[in-house]
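Based on the sequences and whatever the hints tell you, model everything.
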Amino acid sequence: MADGEFIKSCRWIVGGHEWEIHLRPKDHWAGRHRPVTLKLVLVSEPHGGDVKAKLTCRLVDPAGALPPSEEKTVAHKFHRQGDYSGPAVLTAREELEASGYLKHDSYTVQCGIAVLREVPPKSSTAADDDDRCRPEPSPELVRHLRELLRDRTGADVTFVVSGEAFAAHGAVLAARSPVFRAELFGGMKEAAGCTWRTWSVEVEDMERAVFGAMLGFVYTDTVPELDREGEAAAVMAQHLLAGADRYGLERLKLICERKLGGCVTVDTAATTLALAEQHGCAQLKARCVEFIAGYLDAVLETEGYEHLEASCPSVLTELLKAARGSSGTS
1 MADGEFIKSC RWIVGGHEWE IHLRPKDHWA GRHRPVTLKL VLVSEPHGGD
51 VKAKLTCRLV DPAGALPPSE EKTVAHKFHR QGDYSGPAVL TAREELEASG
101 YLKHDSYTVQ CGIAVLREVP PKSSTAADDD DRCRPEPSPE LVRHLRELLR
151 DRTGADVTFV VSGEAFAAHG AVLAARSPVF RAELFGGMKE AAGCTWRTWS
201 VEVEDMERAV FGAMLGFVYT DTVPELDREG EAAAVMAQHL LAGADRYGLE
251 RLKLICERKL GGCVTVDTAA TTLALAEQHG CAQLKARCVE FIAGYLDAVL
301 ETEGYEHLEA SCPSVLTELL KAARGSSGTS
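Per full-length UniProt numbering, the very first residue in the sequence shown carries number 1; after that it's consecutive.
Worth double-checking, as some hints may not be accurate.
[Claimed, not checked] Below, in silico cross-link-like pairs of lysine-lysine (DSBU-like), each with a Cα-Cα straight-line distance of 30 Å or less:
no., residue 1, residue 2
1, Lys103, Lys8
2, Lys8, Lys77
3, Lys259, Lys321
4, Lys52, Lys103
5, Lys52, Lys259
6, Lys52, Lys77
7, Lys54, Lys77
8, Lys321, Lys77
9, Lys77, Lys259
10, Lys54, Lys8
11, Lys52, Lys8
12, Lys321, Lys103
13, Lys321, Lys8
Keep in mind the hints are simulated off the structure, nothing from the lab.
Structural data, given as structure tokens:
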């Protein structure tokens, strides 16, 4: 299979909802350290509000000669049909090829899906009241982390993006991103044959400004680059959304999705729709489809529509249905 293509599982009904698992044998974004990743997809419409679910996966040997590999987990709150979870990084492709799990160009992945239920709140106690009276974490925490990133104190990993070096702290990255955790501490690091202190990562297919903004979010949970208005902020949001999906930064992905949903125009609608389809952003996709249905003739004349036709032809059927519905009610 080509890099970035995925294998779709059959459908399962768990917790009253239909689910699929998408497995990417070679994720397109990781360059030479290509991981094997899985995502959980909500196929049916959620009933009774948002639904939270967890995907677990591990490599197994059907012959029983090898013990199961370390279990990997990802949890996600699904808002609507078509929502994707973040990636569960199973292993590095190079590590898989060297393991005993790969036999005759095939391997077996054991997966589990669990729907997580909300626990009803218990009645308030004196201890709970004491907890509520405790002060909130100091805003100085964000400032201190920002300074840590800026000053590079104790940095132990370097990312090279288009020739520019970004120094960072592996423990911070691993705490925030399952992909960074696998790349810096797991099998992806071991497959590259590097020791921790000499670890340097070359980031492909990402601009320097985008990686810098994403790194800032990892440390501070803020994205000041998106606080501005105009085309530059929208373009940054598009690139950051792709980066957030690439590294499993679900909150950043949601921030970018909301930003883009609020600035859809005739010129950007088609490219934003393609982005939403490629990265599993169901709410943003619905917003773009609704917008394009109302301005179809104008959007058809844009370069973005040509890109949409080439990259996501399956979406055109949905657009046609939406446009017919829009014209029927006008």
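These are the hints, each one checked on the structure:
Between the alpha carbons of lysine 103 and lysine 8 the distance comes to roughly 21 Å, so the proposed pair stays at or under 30 Å and holds. For the suggested pair lysine 8 and lysine 77, the alpha carbons sit about 21 Å apart, so the restraint of at most 30 Å is met. Of the pairs offered as hints, the one joining lysine 259 and lysine 321 holds, with about 26 Å between alpha carbons and a cut-off of 30 Å not exceeded. Proposed proximity of lysine 52 and lysine 103 is contradicted: the alpha carbons are some 35 Å apart, above 30 Å.
Between lysine 52 and lysine 259, the direct Cα distance comes to roughly 23 Å. Compliance with the 30 Å bound is thereby established for this hinted pair. Taken as a hint, the lysine 52 and lysine 77 pair is honoured in the structure, with Cα atoms around 4 Å apart against an allowance of 30 Å. Proximity of lysine 54 to lysine 77 is assessed by CA-CA distance (about 9 Å); at most 30 Å being required, the pair is judged to hold. For a cut-off of 30 Å, the pair hint linking lysine 321 to lysine 77 stands: about 28 Å separates their Cα positions.
For the proposed pair lysine 77 and lysine 259, the alpha carbon gap of about 19 Å is at most 30 Å, so the pair holds. Under the criterion of a C-alpha separation no larger than 30 Å, the hint pairing lysine 54 with lysine 8 is consistent with the structure, at around 18 Å. For a cut-off of 30 Å, the pair hint linking lysine 52 to lysine 8 stands: about 21 Å separates their Cα positions. For the hint linking lysine 321 to lysine 103, the alpha-carbon distance of about 45 Å lies beyond 30 Å, and the restraint is violated.
A threshold of 30 Å between alpha carbons decides the hint, and for lysine 321 with lysine 8 the separation of about 25 Å falls inside it, so the pair holds.
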